[in-house]
Every structure is written in structure tokens, then in C-alpha cells.
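Model the full structure from these sequences, guided by the hints.
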Amino acid sequence: MSGRFVVEPTEKRKSDLLFLGLLLLLAGAGLVAVFSSSYYYAEKLTGDSGYFFKKHLWQLSLGGGCAYIASRLSVEIIRKLTPVLLFFSFLLVCLTFVPGIGTQLQGAKRWFIIFGQSFQPSELVKLSLILYLASIFAKKEDRMGDFFNAVLPPLLVVVAFAGLIYLQNDFSTAVFVLLVAFIMFFVAGIRLIYFILAGSVALPLSIILLLTKEHRVQRIISFLNPQADPIGAGYQVISARTALIRGGIWGTGLGLGTKKMGGLPDAHSDFVFAVLGEETGFIGVIFILTVFIAFAVRGYLIAAGCTDRYSYYLAFGLTTAVITQALFNIAVVSGLVPATGIPLPFFSTGGSSIVVTLSMCGILLNLSRSSSKPLEVGG
Amino acid sequence: MEEKKNFSRLGVVLIILGIAVLLILWRYISLMLLTPNEIENPARQPVVERGPILDRNGRILAIQTELDSVTAWKPEIESNEEIAAQLAPVLGIPEQSILDILSRQSSFAYIKRKITQSESIQVRRLINDDKLKGINLQREFDRTYPEEHLASHVLGIVDVDNRGLEGLELSYDSLLRPEITDSGAEIVYGNQLFLTLDVNIQYLTETVAREAMEEHEADSVMILVMDAQNGDLLAVASVPDFNPNVYGNFPVAYRQNRPAVAAYEPGSVFKIFSIAALLEVGGISSYSSFVCGGSYENPDIPVPIKCLGVHGQVNAADIIKYSCNAGAAYASDSVEAPVFHDMLVRFGFGTETALPFPGESNGLLKPASGWSARSKPTIAFGQEISTSAVQVITAATAFTNDGYVLEPHIVKKIVSPAGDLLEETMRKPLVDALSPETARAMLLMMETATQTGGTARRAAIEGVRVSAKTGTAQVFDPVTGSYSTQDFTASCLAVFPTDAPEIIIYVVIEHPKAGETYGGRIAAPVVSTLGESIVDYLNIPRSGETAFSHDGTVRIHGLPPIVLGDALPDLTGYSKRQLLPLLDIDDVKVTISGSGWVVRQEPAAGTPVRPGIKLLLELE
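Top line first, the protein sequences correspond to chains A and B.
The first sequence stops at residue 1040 when you use our numbering, and every number in between is there.
The second sequence stops at residue 623 when you use our numbering, and every number in between is there.
Treat the hints as calculated values from the structure; they're not laboratory data.
Bear in mind the structure is a predicted one, so any value in this text is a computation, not a measurement.
Where hints are given, some of them may not hold.
As the list claims (entries may be wrong) - Listed below are several chain B residues computed to face chain A (Cβ distance under 8 Å; list not exhaustive): (1) ILE22; (2) VAL24; (3) LEU25.
Stated by the list, open to error - Derived pair list, reagent style BS3-like, types lysine-lysine, alpha-carbon separation capped at 27 Å: (4) LYS617/B <-> LYS579/B; (5) LYS705/A <-> LYS716/A; (6) LYS705/A <-> LYS115/B; (7) LYS705/A <-> LYS136/B; (8) LYS592/B <-> LYS617/B; (9) LYS800/A <-> LYS741/A; (10) LYS715/A <-> LYS77/B; (11) LYS592/B <-> LYS516/B; (12) LYS117/B <-> LYS136/B; (13) LYS416/B <-> LYS369/B; (14) LYS77/B <-> LYS136/B; (15) LYS592/B <-> LYS579/B; (16) LYS705/A <-> LYS134/B; (17) LYS705/A <-> LYS77/B; (18) LYS415/B <-> LYS431/B.
Heads up, the beta-carbon is just placed ideally off N, CA and C, and yes, glycines get one too.
The following block contains the structure:
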């Protein structure tokens, strides 16, 4: 507790109960969707139909714990911890390249095993980068026109992380990190000319990087014409599409979808929303989409209510990170954008994503408590 | 002020996110509410029926047949072991491999595709007995080649999904196998491909080719037969060949369409093109003469080029008749290399023909600038140049078409599934290579080669004037870097009848190993044998025979329909089928015994017809 900056103890303020309710709703719906989409595959794989459900539940509790801590810590502490966290993320990402520590899953080197849990450091990068950017933008608030002082350092950090994640063969997360950083740069008030310059470099570069791996080109082709290779690259896209069409308006009923029974690979991770669409129909899709939008609205309101720049940038960045992931994933499932490896927050199985998402929400809750009351920083 | 600006940027972000939400919403509405739920049912997927390939007379060479495939839908399977135990003996595959298939990840799997009719019946019985829960039979189209080996290289092969892999099946894949459109049709039919081949001539040609390969222990034999007047290939034979129905049983090399893809040195057959070229550009005339003292000598080349004999004084006709290498070489001295090269290009050497065979060879004709002093005289008798068999026979059309090289054809016409003619190939002159006089003169020179003393005398056909040229080429051995002493290419090109050419035959016997290697000894007799059959088949008139033609149809005068008047007609000679209408007449009781045609009737013809009359008919 660094009393120097705290005018009034934050503990006395009430948390944003509506926001908390939305979180619980999403987590609950996610739990149901995970069970329904995974029980068949889990039974086949391990003989225990609750395998993924239990794992997801355990990860939810872990994430919940993290969220609680994040919501109770003082914002100042979080800000002070940022450099440590950033360095730690950097270290972990680098560790995945060390043979024997990094684990290769499905052709991508982005995980390693810790206490029997697979951990994906690039998820942590999402959080630490947002913390870092919020902090540096708040600090250099009045010097945003100075390219070398305010723009270049964070840009280098972001590009370095994105580059490392790209080298892990995780193109979509790299793009996602760049996108969220880009939005934060934009909102922080960087001059538009820099965006045009950066765009003219980044766009051709990303196209080159995109086309240098066969599986990415396959994904693009399968996005443009899924029928070109219906049992290969286009398979997931077509399967997800059929699942949604089968769902219709009311859905086949919870647990009664058939696409997850082998027809749809990754039914419980990246394509869990397709199972949800098949089983709960358009009504269910609209419901979840509405909850996510409410989440975003509430998140941005928290941001708008923040009186200091750091909290404002942080709340904005965290909300943006969660909502863009959600929209991306939902768009992928419907075939609106090419298949990527972006998980659906709260729904997709995968420990690192859940823990990080919940931690982000914990910080948002934290900010919501302090937002309605002015918090004088730095005199 | 600063605060305000940032909120406006926040607004931009929110608007973009809002647009994204609306797009996603619209996508879900169109998918989940507006798309009819039909694509789930595989039976609704249109089936593509690949179009047939037929010969010029409509005889089927390749067609689709329906066969069953055994499929598994795993969620319905109760016991993998039981399924495997039931299916293994029926399908003739080990139980373990069925178990392997069933233990794979996906829910749907093919256990065996395109099983035989009898396998189908047994599997269907097991399914009906409810012993194979989760196992289904799915109809699939399969490509069948009813003539088996016939024209296998031309036709090519398809894969298990009926996509063309080789031959015309590959070249015309998109025409034979149309894209599935959302027209709602249950079956999409492909176009029909009519070839210029004549199944009968193709059969005769392949038979002769196979005999020649066995007799001369050759590595391979190619024989092409072309319609001299329009460039239609009537037969394209190449042995060894394969059966496209079971192409996996044959070595890959057997599937090579050698007449199109193999390039080889044509040898002395090529003299007809070089002499024609030299005559055409005026380097020599039919009166020019050269002295063959057993070799060609030239101060520019250190080693003289040997001739196979000492032919003395020879003119153009003698060079063709006796196949004199030195004479051809000396004749080539009369023109400059670029002029000679350009003439050979006009015949089409050095570039692939317009035939739609995949992987056709260009042959090898070096540009004149790359020729050595030895090149021109050597090319003049057909070495130091590579050609494909289709190039040679195509070039020969210049002799039979007043000097025009014709476009060669293998496809006669393309007909839509509804029977509309989409495309038809017509005679198409490509290049005016020779004057009509030169073309004519060459045929007459080639005719002397089939007469007494000529190298192609064994190519003669009884009563038909034949123009021919034989060749025996050395084969370049890439291992030693020089010409092989054992491997030869024996060939013979023949045009008949000389006065009104109808047919060009080109025989190439590669690497005969049974002793004889000369084109005049082993390839010319093949021309003769095949030519005799073709002359008979096509009714080409022979001298000393009265020309006789028949339209090929036999008219059968059928018996008039049976009419029962007042008296019984004579029913003798009527078939059982023709008697059927009698059974419909109520007041006549007809008894038929035996089968065949009526030989006796009771009562006899002329008996008045009364109601209830009993008619007894005996058939034999």
C-alpha cells in the first residue's frame, strides 16, 4: 500500500455488481457449452465424459482466484508490477524456444508444460502488453507528438513481442496483439500520420509473413472456397457452417447436437460457438452475443468513468482485448473471416486463455471500484 | 480539450466495433435463419456422372458404372470387433485393417470403396439381418473401360474419385466431369468425347504391334495409323500397354504414351523430309546426282560419315530407294544450314503437335546456329535430331495434301449430354510446307522403295500402290556417350494408295533384340500385314479387282403382322414373339408348344375361323 498517492482507501468502494453478474453469466454459459461440446470426445479419448468439463472448472477457479487478487490489489501496485510482468512474459515466450522446455502441439511451438498444465505464454503477453502500454501512454501523455520519445519505445516493445509470437508459429495471436496495441496507440492520441506510415510498412509485411507458411495459405484458400478441399483445410469451416444451419432458430437442444461427434474438430476449443449455435439455435447465439456486448458496454463505461489516464487506458485496453477476441472467434465460426487460433473468452477450453481473461476482468472490476471516485495521481 | 479529442477517437473505435457486430449478426441471420437446412443430407448432393469416351463410330471406350462402397458411421456402431469379424471375410481384407479404420478419429469412414456386385449382395444381406449396425452401402460411380487394353494410352486413367489422371481423361477432365452447380439436379452429366480412333483398326493395329514386339523381342513397338486426307488418327498403338480398369497391376512405364512422349532419332525415314526440303528450296532437283563411294567426305569434318553401302551415282529417287546416307549428306551440301533448318521447322519438327496428349514431347531440333559442320549432313539422314512418332506421321501429311501439313486429330467431336454438338474437328491445313509437285514427286520416289530392289519392298500390299520409307536408327547411349552397338530403332512409314493417298501408317520398333534390326526387314513387313487388313476393312480398291462396294446393311423382309380374317392364315415361319397378339383374341384358344419359329399348325391354313376355335402351333 503506497499511501502516498491514495487519497481515500479504495476497499470501501462497492464493486460494479452488474459487471460481476455479466462475468458470472458468461462463465456459467461457457461451462455448459464446454460440457456439451466435449463430453463425446472426452469419453472417446479418456473414458471420462467429464474430462474437459472438470479441467475447465478447475481452470475457471484458478482464473477466479487470480481475478479476485487482481481486483483487490491497489491499482498503483499493479502499475508498479508491470515492468516485472512484462519481463516475465518476455522470458516465458523465449523459453518456449528452448528445446526440452517448449512443447510442440499441432505443429505450433507455443506451449510448455508447467505442473502438468500446458501453458501458453502468448496469452500472458496480451495482459502484460496492455498494462505496459496503458502505463507508458499515461506517463508520456503530454509528449505524444514526440515520435522518438513517446511512440518509438512502445512500438519497438510491441513489435518485438509480436515477432516472437509469430516465430512460435502463432500468426493469429501475433496479429491480435498488434491489433489491440494499434487500437491503444490510436486512442492514446498518436498522430494519424504515424498510422499511415506504420500501415504502409506493416500491411505488405504481414501479407508476406502470412503467405510464407503453407497452413496459412491453406486456411485462406479454404476461407475463400471451402469446397476446394472439403475433407482437408476447408473441413472445419464447412462443418461449423453445417452445424449453424442445423441449429436454425431454436437449436437442436442442449447436448443434442451431432456435429461435435467427430464432425467438428476442436468442438470444445476454438469452435465451441458452433456447437452452441447448433444446440441453442439463433436464440442462444443472440443471447451470448448480447451478453458480450453488455460486457463491452459496461467495460467501456468503466473506462469512461476513470478520471486518470492510466486507468482509462487500462480499462479501455482490457475491454477491447476481451471483446475483439470474442468477436473474432464468433466471426471465424460463421466463416466471416479465415480460420484463426483465437479462442472465445470464457467458452473455449485452454487454461492460459481462461486465467488471463479472468485476470483481465479482475482488473476491470478493480478499476470499476475506483472509477467513480476521482483518484489523484502524481499530485 | 485533450480529453475531448481522445473521446472522439474512442468513438471511432466503438463505431468500428459496432459495424463488426452488425456484420456478424447479419452473417448469423443469413446462416441460421435464411439458409434451408438441406446440406446435411448427403443424398441431396448431386452425383457427377463422368461423360463417356467413344470411338469415331460411337463404340464405347470408357463409361461410368455404379458400384457400392462400404461406409461406416461410428456413432451407430456397437462393437468394432463384431463388425470387423463380419466384414473381413466378405470383403477379403484382414480384420485388423478394418479395426484400424474404425479406430480413427472421424465418425465417418470408408471401409472399402467400389466393391464388386457379389460383395455388395453379401454385405447387403448382413445389413438386412441387422448384423452391421452403423455400416452402410453407398452408391458410387466408377470408371469402366470395356475394351480393357484397347487404346489404353490414349484414354489414360482416372482416380478413385473419377478425376482424370492421365491421357485424354486428364486433358479433357473438365469437359468430361462438369462442376457441380446449384441447379438442384440430382445427377450432373458430363459431355461425351468422340475420338477419331476406329476401334476395329485400333484392334488390328494393336494385335500386329504385339506380335511384332514378341517376334523381334523389342522393348516397345508403336504403330500409328492416320487418315491421309484429314489428319485423323485412326489408331494409336503402343505396346507394352496396360488395362486402365486395374492400372495398378502394371508397371508405371507401361502407362507411358510413347507415341507422344518418347523422342528418338528417326533415322532414314527422315530422308523423305530432308530430300523433300532440299527439292523444295531448289538446292537439288530430281536430276541432280551425287556419287556415293561408301562415305561422305567434307574438308570441314575430320572423320568421314560412313554409308551402309557403296551406291555409286545416285539421284534423289535413288537416295530414297536405296536409303543412301552419303547421298543424302551430299545433297544437304546444296543449301545453307538456316534454310534447311527452317524447312524442317515448317514440317513441325522441334515443336509439339496440337494433339491434346499430356506431356507431349517437342523432340529435339537444335537451332541452326548451334549446328556443327557435321550436323547438317547427319540430320539429312535422320540422326542428330529427335522426333516423336506423332510428329513424324503429322509431317507426312504434307505428301498427301499437296504440300500442306495438316493439324493432327485424336478428338473427332464433343457432344453435350443432351446430344448437342459442341465442337467438331475439321480438316485443318496448318503450314504450306511443299509445292504440290514436290509432294507428288516424293510419293513417287517412295513408291520405288517398295518395288524390286527397294529397301521397303517388304511393305508392299497386294494390288495397292504403296509409297514407303524405312529406317534403322542407331540409339544414343547416355551411359557411354556414343551410339549403342546393340540398340536400334527400326521403323517404316508408308502411304497408300500412292495415286490417291488414304492412309498413312508409321511403325516404330524400339530396340529389337532377336537378331534382325533393319527397318526394311522387320518394320516393313508389319506395314504390309497391317496394310492388308486395313485395305480390306476400308474397302480400298485393289488393282485387278472389280471395284465393289456395299453399303454394309442387310435388309430382312419381315413377315406381315398376323391378321385373322374369315380363314386361318399360314403361320409357318412366324416367331413366338410375333404370335403374341393371337393370345389376346378372346374367342380363339391358342396352344403353343416348343420355341423358335412355327413349323406346323393345326388346323391347316385356310380353315374357316369359328368362335372358340382351337389352334395348335408347333415351334422349332
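Output the numbers, in ascending order, of every earlier hint that fails for this structure.
1, 3, 11, 13
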